[in-house]
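A.B. asks: For reference, the chains in residue letters:
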Amino acid sequence: MADTPKNAPEEQTSAKPDWTINELYRNSWLILKKHKVLWLFGMAMGAGYSSNSSSNFDQQDTETLQNLFRNGQESSGQDLSMVLGTATSSFAESFGALFAAVPPYIYVIGAIEIFMLIVAGIVISIIYHSWAEAGLLEGLQTAIAGGTVSIRETSEKAYRSIQDIAWVRIIPMLFFFLAVFLFVIVIFFSFMGPFGMLLMPLGVLFFFVIFIFINFSQIWAVRKVVTEHIPAKQALREGYYITQKKFWPMLGLGILNTILGIVLMVALFAPLFGFLLGGILTIENDAVLGVTMFIAAGLFSLLFIFGSEILTGIINVFKNSVWSLAYKNIKGKYDK
Amino acid sequence: MIFVLLIVSQSSLVDAVLVFAIYLITFALNPLIVYNTIFLTHYFGGSFGKLVTGLAVVDEKGAPLTLNRIAFRQAIGYTFAWLVFGLGFAAIIKDPKKQGWHDKTVGSLVVVKQNLWPLGLIMCIVSLIGSAYLGNRVWQAVTTGPLTRDAQVIMIIKQLTEPAKADKEELIVPKNLLPTPTPLLEI
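Just so you know, the sequences run in chain order X and P. Residue numbers for the first sequence follow the working numbering, beginning at 37 and rising by one. Residue numbers for the second sequence follow the working numbering, beginning at 102 and rising by one.
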């Protein structure tokens with residue numbers, strides 16, 4: 037048996053990839069099947085916030101309220117009769133006179149209140165989505181570790197990460213959109229002529245790449261916030277560092293995830309479109325068939341309304357599970 | 102319902118608009134009213150309905166909830182519970198601790214503080230009867246009240262100030278308007 041030469045170059049073993057798509061998708065599917073509670077957090081992430089206020093209206097003293105508007109009653113009748121008596125008064129003027137009879141301070145108070153409600157709605161929406169994402173990531177961490185996921189424990193753990201996740205999601209995008217806005221202003225007022233026209237596609241490409249980098253950095257950053265409990269800024273910095281190292285594998289995985297999500301939504305939506313189109317095409321020649329198609333489309337639209345919420349939740353859970361499993365494989369490997 | 106009755110019972114459209122504006126700033130747009138359950142639960146242990154029926158919202162150890170948790174429960178927990186057509190509320194039926202999803206998010210429980218269910222039942226019946234009565238009054242006010250007359254006068258003005266249409270269409274004046282023409286009205 038011949039000895040191997042001493043100076044022979046070592047066999048270069050191909051570096052084992054940090055993850056394989058097959059492994060990630062298989063494990064994500066298992067997590068998705070086993071921990072249906074995570075679907076709720078996925079749905080919450082995908083749901084838009086609608087103000088869900090329930091106000092218990094207390095009965096008021098009607099006499100007190102009568103006194104409130106009785107003061108304006110004396111002049112209001114004269115104003116209206118003057119409006120009605122003028123033949124050249126237009127409809128808009130008549131209507132305008134109605135609202136002009138309301139004291140200005142009511143409009144001011146109303147505007148302030150509307151502003152306060154809008155601000156409250158935005159704040160609540162941010163907290164809701166941040167909590168849902170934190171809950172989903174905490175739940176995935178528990179599921180990957182083999183534990184049981186419950187709303188109570190997952191929600192409790194998610195509280196500590198709400199602020200940092202909101203920072204990670206919002207601040208970079210604020211700066212990004214500000215930069216885009218300034219770029220658009222520059223292009224708009226550009227006096228460079230043909231160079232300005234060349235700058236625009238280059239700028240679009242540049243900002244598109246930046247947008248992808250920000251999104252990828254955020255993927256790792258939120259996981260660092262949840263698993264390692266580090267501040268948002270540091271998490272974002274470290275997430276960006278990992279993105280630099282793993283950009284192309286991330287891009288491939290991201291594209292696959294996006295395609296999967298689109299295919300699933302189309303699969304849910306396709307029957308509805310099919311029945312609608314079939315109904316439109318057949319209604320003239322065969323009314324019975326056309327009406328049947330429209331009824332089927334109506335039933336499918338109900339299914340779509342119900343199913344799209346759940347499907348959105350499932351897709352969110354799956355995608356986040358894929359990234360969380362990938363993060364588990366690279367955790368600590370690319371830290372600066 | 103009381104405010105609706107007040108609005109439609111006014112003698113003129115101007116007063117109706119004024120009452121509506123007062124209603125908006127006092128109740129519909131007032132953040133203290135919109136989020137009143139947060140303050141009621143923080144200071145009294147529950148919203149109006151819970152207080153009337155003797156229920157209270159506490160944490161899992163029986164202590165009152167903090168303001169942050171109450172605000173989270175009312176603002177965000179309820180939104181979470183409304184997922185999948187309010188399945189979070191239906192979950193109360195099967196839960197051993199009778200917690201909905203909004204309760205699970207903050208670790209709250211709804212407990213019976215005092216047995217006031219007869220009072221709650223009476224309030225429910227009274228409010229149903231009251232709503233039916235007020236609804237009937239509102240309907241009568243809308244169909245036959247002074248606002249209807251005022252609104253019709255406004256529509257006549259609209260027809261008069263659109264000459265092209267006024268020439269082609271026959272102007273229909275409701276009978277209840279004919280006996281009392283406004284002195285300054287020039288047709």
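Calculated from the structure, these hints are not laboratory results. All values reported here derive from a predicted model rather than from experimental measurement. Incorrect hints may appear among the rest.
Stated by the list, open to error - 20 Å max Cα-Cα, derived EDC-like pairs, lysine to aspartate or glutamate:
(1) X:Lys70 with X:Asp54
(2) P:Lys195 with X:Glu189
(3) X:Lys52 with X:Glu264
(4) P:Lys214 with P:Glu161
(5) P:Lys162 with P:Asp196
(6) X:Lys69 with X:Asp54
(7) P:Lys198 with P:Asp160
(8) X:Lys364 with X:Asp54
(9) X:Lys70 with X:Glu149
(10) X:Lys369 with X:Asp54
(11) P:Lys199 with X:Glu189
(12) P:Lys198 with X:Glu264
(13) P:Lys198 with X:Glu189
(14) X:Lys364 with X:Glu149
(15) P:Lys214 with P:Asp160
(16) X:Lys367 with X:Asp54
(17) X:Lys364 with P:Glu161
(18) X:Lys281 with X:Glu189
(19) X:Lys269 with X:Glu345
(20) P:Lys162 with X:Asp371
(21) X:Lys193 with P:Glu161
(22) P:Lys199 with P:Glu161
(23) P:Lys198 with P:Glu161
(24) X:Lys355 with X:Glu149
(25) X:Lys72 with P:Asp196
(26) X:Lys72 with X:Glu264
(27) X:Lys72 with X:Asp371
(28) X:Lys69 with X:Glu345
(29) P:Lys162 with X:Glu320
(30) P:Lys199 with X:Glu192
To be verified - Counterexamples of contact, computed for chain X against chain P with all Cβ distances above 10 Å:
(31) Pro53
(32) Ile57
(33) Asn63
(34) Leu76
(35) Ala83
(36) Met152
(37) Ile160
(38) Gln177
(39) Phe224
(40) Phe231
Beta carbons are placed, not taken as given, at the ideal position from N, Cα and C, and that holds for glycine.
A.B. asks: Now look at each hint and say whether the structure bears it out.
C.D. replies: Consistency of the hints with the structure:
no.: 1; hint: X:Lys70 with X:Asp54; in the structure: 25 Å, violated
no.: 2; hint: P:Lys195 with X:Glu189; in the structure: 19 Å, holds
no.: 3; hint: X:Lys52 with X:Glu264; in the structure: 25 Å, violated
no.: 4; hint: P:Lys214 with P:Glu161; in the structure: 14 Å, holds
no.: 5; hint: P:Lys162 with P:Asp196; in the structure: 18 Å, holds
no.: 6; hint: X:Lys69 with X:Asp54; in the structure: 24 Å, violated
no.: 7; hint: P:Lys198 with P:Asp160; in the structure: 12 Å, holds
no.: 8; hint: X:Lys364 with X:Asp54; in the structure: 10 Å, holds
no.: 9; hint: X:Lys70 with X:Glu149; in the structure: 46 Å, violated
no.: 10; hint: X:Lys369 with X:Asp54; in the structure: 10 Å, holds
no.: 11; hint: P:Lys199 with X:Glu189; in the structure: 17 Å, holds
no.: 12; hint: P:Lys198 with X:Glu264; in the structure: 33 Å, violated
no.: 13; hint: P:Lys198 with X:Glu189; in the structure: 15 Å, holds
no.: 14; hint: X:Lys364 with X:Glu149; in the structure: 47 Å, violated
no.: 15; hint: P:Lys214 with P:Asp160; in the structure: 13 Å, holds
no.: 16; hint: X:Lys367 with X:Asp54; in the structure: 10 Å, holds
no.: 17; hint: X:Lys364 with P:Glu161; in the structure: 34 Å, violated
no.: 18; hint: X:Lys281 with X:Glu189; in the structure: 34 Å, violated
no.: 19; hint: X:Lys269 with X:Glu345; in the structure: 32 Å, violated
no.: 20; hint: P:Lys162 with X:Asp371; in the structure: 42 Å, violated
no.: 21; hint: X:Lys193 with P:Glu161; in the structure: 16 Å, holds
no.: 22; hint: P:Lys199 with P:Glu161; in the structure: 12 Å, holds
no.: 23; hint: P:Lys198 with P:Glu161; in the structure: 10 Å, holds
no.: 24; hint: X:Lys355 with X:Glu149; in the structure: 40 Å, violated
no.: 25; hint: X:Lys72 with P:Asp196; in the structure: 17 Å, holds
no.: 26; hint: X:Lys72 with X:Glu264; in the structure: 25 Å, violated
no.: 27; hint: X:Lys72 with X:Asp371; in the structure: 33 Å, violated
no.: 28; hint: X:Lys69 with X:Glu345; in the structure: 17 Å, holds
no.: 29; hint: P:Lys162 with X:Glu320; in the structure: 67 Å, violated
no.: 30; hint: P:Lys199 with X:Glu192; in the structure: 19 Å, holds
no.: 31; hint: Pro53; in the structure: 37 Å, holds
no.: 32; hint: Ile57; in the structure: 30 Å, holds
no.: 33; hint: Asn63; in the structure: 26 Å, holds
no.: 34; hint: Leu76; in the structure: 6 Å, violated
no.: 35; hint: Ala83; in the structure: 7 Å, violated
no.: 36; hint: Met152; in the structure: 5 Å, violated
no.: 37; hint: Ile160; in the structure: 5 Å, violated
no.: 38; hint: Gln177; in the structure: 18 Å, holds
no.: 39; hint: Phe224; in the structure: 38 Å, holds
no.: 40; hint: Phe231; in the structure: 50 Å, holds
In terms of the numbered hints stated before, the structure departs from hints 1, 3, 6, 9, 12, 14, 17, 18, 19, 20, 24, 26, 27, 29, 34, 35, 36, 37, listed from lowest to highest.
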